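**Q** Chains as they are written, first to last, in this note's numbering: chain A, 1 to 273; chain B, 1001 to 1421.
Think of the hints as simulated: they come from the structure by calculation, not from any bench.
Being a predicted model, the structure only gives us computed values, none of them experimental.
Be careful, since some hints might not be right.
Said to hold, decoys possible - Here are the in silico distance ranges between beta carbons for each label pair:
id, chain 1, residue 1, chain 2, residue 2, range
1, B, D1286, A, T98, 43 to 53 angstroms
2, A, P238, B, Y1027, 40 to 50 angstroms
3, A, G146, B, Q1074, 28 to 38 angstroms
4, A, R111, B, Y1027, 15 to 25 angstroms
5, B, P1053, A, L241, 19 to 29 angstroms
6, A, L241, B, P1268, 24 to 34 angstroms
7, A, A37, B, R1277, 16 to 26 angstroms
8, B, N1300, A, G212, 47 to 57 angstroms
9, B, A1028, A, R100, 19 to 29 angstroms
10, A, Q220, B, G1382, 17 to 27 angstroms
Unchecked claim - Covered stretches of chain B (chain A as the covering partner; in silico rule of three or more C-beta atoms under 8 angstroms from a C-beta of chain A):
id, region
11, 1065-1074
12, 1145-1154
13, 1222-1234
14, 1258-1267
Each residue gets a CB set at the ideal place from its N, CA and C atoms; glycine is no exception.
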Amino acid sequence: MLRADLLRSEIATTFRRWRTLVLLAVLAGVPVLVGVAVRIQTGRHAGGGGGPAFLAGIAGNGLFLVFTALAVTLPVFLPMAVGVVAGDALAGEAHTGTLRYLLVAPAGRTRLLCAKLVTVVAFCLAGTLVVALSALATGALLFPLGKVTLLSGTSISFGEGLLRALAIAGVVALSLLGVAALGLFVSTLTDSGVAAMATTVGLVLTAQILDGIPQLQAIQPYLFPHYWLSFADLLRDPVYLDGILRNLGLQALYAAVFGSAAWARFTTRDITA
Amino acid sequence: MPRNEPTEVTGEWDGERSSKRRKAMRYAVPVAVAGVTAATIGLVPAFAGSGSPDLPKISAQDLIAKIAKSDVQQLSGTVQVTTDLGLPALPAGMGAGGFGGGQGRDGAGGAASPQSKLTELASGTHTLRVAVDGPDKQRVSIVGNSADYTLIHNGKDVWAYDSGSNSAVHHTAPRDAHHGAHRGAPEGLSKGLQNATPQDLAKEALKAAGDTTSVTVGDTAKVAGRDAYQLVIKPKQAASTVGSIRVAVDAANGVPLKFTLTPKSGGPAAIDVGYTRVDFARPAADTFAFTPPKGAKVVNGDRAAEQAAREHGKELKGLKDHKGLDGHKGPKGGGFQVIGKGWTSIATLKTPAGPGGKDQLAKGDAGKFLDSLGSKVTGSFGSGHLFSTRLVNALMTDDGTVYVGAVDKQALIAAADAAKK
């Protein structure tokens, strides 16, 4: 079997699964919810400072719904969805007994793991894009579009704003690499898909809680969600890259450590199911 | 064997042993990646910190002259400000609210008020991005969480823009003096934020020098990737709480790059302001251009300041009618004065004690509150409460006199005793 075939069949299986489609539908629903809520509330009160990032900007420019939607989904919905898909990747197959059939084929375990990892990363990208596109469509329908005001008060054209939104979606998708690798590693540890998903989502939540406790400042820079919201730095003028680079470096580190741990585990374990 | 062997394993005989070894070797990969990263994180800052570049020797005087002579007009960079004064954490907005008066009204202050931003800088770590092109063009941005606070001075215009509230405050620089100058004055505010750059802090520190201060040249250092000399300033007066002030000065052009104030009690620096990145090229001209974005709330700062001043005046008049303030003028003449000089100056302030004030302070709820905040001390001056932070100590006697200074407790008590005699 060719590697491309394996990968294609993996991606097709994953994205054809009902669970995956439901997850994507939920992700698509979040921006609609936020957009409608803002639309209903617009005019009733002249927006305070509270709420998620960029919320105040939505009424003036629909493109801000993309930023808000990503800021809202990045802490919970996106990593949860990625955790479900990644956690299920191997443990789910082991649970239903299909993993050994996959391994009977001469593809090799490393290759299968790579195909699974690429599939999960593809899901990260798909999930982020679904949120961004749904937000863009909702924003365009409910709010005016136009010049985009950056955080520094500078205005840029709508086209340039779209480019920045695309860059932000890319950074957000890459921000999920850490969760993807972590989930895949957890998935190699157990034969129960549900346990792997629950563990991964639990780890995501735990990391976020730890990230919120001020007394733990010393370890926080090494928690994978720590720099997640740094994507907002792309909206400064000039763009401030320090936080984003730190975020991407951290995600690469998690991907390397847990990716290789998953490889070490998966290529040496006994597969009974 | 009931178990399946991994498919790669072919030899039935030593399968068990070699698979164990293989397992160990494979698990070594993630461990090695994590280990190398941990080592890099642990060692790189240590290397960067201990990197003392070889520079020709220089005397303290020459170094100060170098700073004074430095005529760098253009730079841009990132400044990290870390303050750890040992103050109790204030609830957000409290510092700003404390400015009182008409500030909150008419949106004159609000989120875009420079004062509230300055109070924010007084604790924790903040990142500032600065750009300077001569005396007429400056820009400072405080990098916040998904928000930016930008202050732009370009010629006669001073703009403050706060992305969180999408509001801008506009001041026109040359204006009749003293007109509401005590609040929101553009010169004042841009200077206030400039004080956060190493240059001005260094100048302030040097101004305080005299026979009370020892100024030496310490080890060389690397700051923001540039070779730097370090000027070490230490108070000679034993009672000062200031341990040392270090100013890192760019060896090439004399620009102060880092300012560190360490309290005598040790621990981390109380104030640490330094460039993490600096570039001496001329910033692009549009860096200093600002037009308020569509939909932003724009406040005419000049008018708002006037109005605030007027209302503030009214309030002050109202306060004067209040009897409690009569005690302010007090039997002893009261008011504000400074005793001592140099590092051990102590500011004294007589607050209204009035009849029964002593009892109230000592016994009432206020007394209990004070007890919880400060420690009780007694001396030949009587008794009072001592409040300490890492840098500044304050003594509030029960008869209502407050002694404040960057000096240790003994010096405050001695000052109070001396005042009593």
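**Q** Honestly, do A37 of chain A and R1277 of chain B meet the 16 to 26 angstroms range at C-beta?
**A** Violated - the Cβ-Cβ distance for A37 of chain A and R1277 of chain B, about 40 angstroms, lies outside 16 to 26 angstroms.
**Q** Does 19 to 29 angstroms hold as the CB distance between P1053 of chain B and L241 of chain A, or does it fail?
**A** Since P1053 of chain B and L241 of chain A have Cβ atoms about 26 angstroms apart, the given range 19 to 29 angstroms holds.
**Q** Given a hinted range of 28 to 38 angstroms, is it respected by the beta-carbon distance of G146 of chain A and Q1074 of chain B?
**A** Given about 35 angstroms between the Cβ atoms, the range holds.
**Q** Taking 47 to 57 angstroms as the stated bounds, is the beta-carbon spacing between N1300 of chain B and G212 of chain A within them?
**A** Between N1300 of chain B and G212 of chain A, where Cβ atoms are some 40 angstroms apart, the hint is violated.
**Q** Given the hint of 19 to 29 angstroms, is the C-beta distance from A1028 of chain B to R100 of chain A inside that range or not?
**A** Holds - the Cβ-Cβ distance for A1028 of chain B and R100 of chain A, about 27 angstroms, lies within 19 to 29 angstroms.
**Q** Under 8 angstroms between beta-carbons, do enough residues of the region 1065-1074 of chain B, three at least, approach chain A for the coverage claim to hold?
**A** violated (count 0)
**Q** Is it true that Q220 of chain A and G1382 of chain B lie within 17 to 27 angstroms of each other by Cβ?
**A** Between Q220 of chain A and G1382 of chain B, where Cβ atoms are some 47 angstroms apart, the hint is violated.
**Q** Against chain A, does the region 1145-1154 of chain B show at least 3 residues with beta-carbon separation below 8 angstroms?
**A** holds (count 5)
**Q** For the region 1258-1267 of chain B, do at least 3 residues have a Cβ located nearer than 8 angstroms to some Cβ of chain A?
**A** violated (count 0)
**Q** Is the gap between the beta carbons of D1286 of chain B and T98 of chain A within 43 to 53 angstroms?
**A** Violated: the Cβ-Cβ distance is about 59 angstroms, outside 43 to 53 angstroms.
**Q** Could you check the hint for me, namely that P238 of chain A and Y1027 of chain B are 40 to 50 angstroms apart, CB to CB?
**A** holds, 44 angstroms
**Q** L241 of chain A and P1268 of chain B, beta-carbon distance inside 24 to 34 angstroms?
**A** Check passed, 27 angstroms falls within 24 to 34 angstroms.
Violation of the numbered hints given earlier is confined to hints 1, 7, 8, 10, 11, 13 and 14; the remaining hints are satisfied by the structure.
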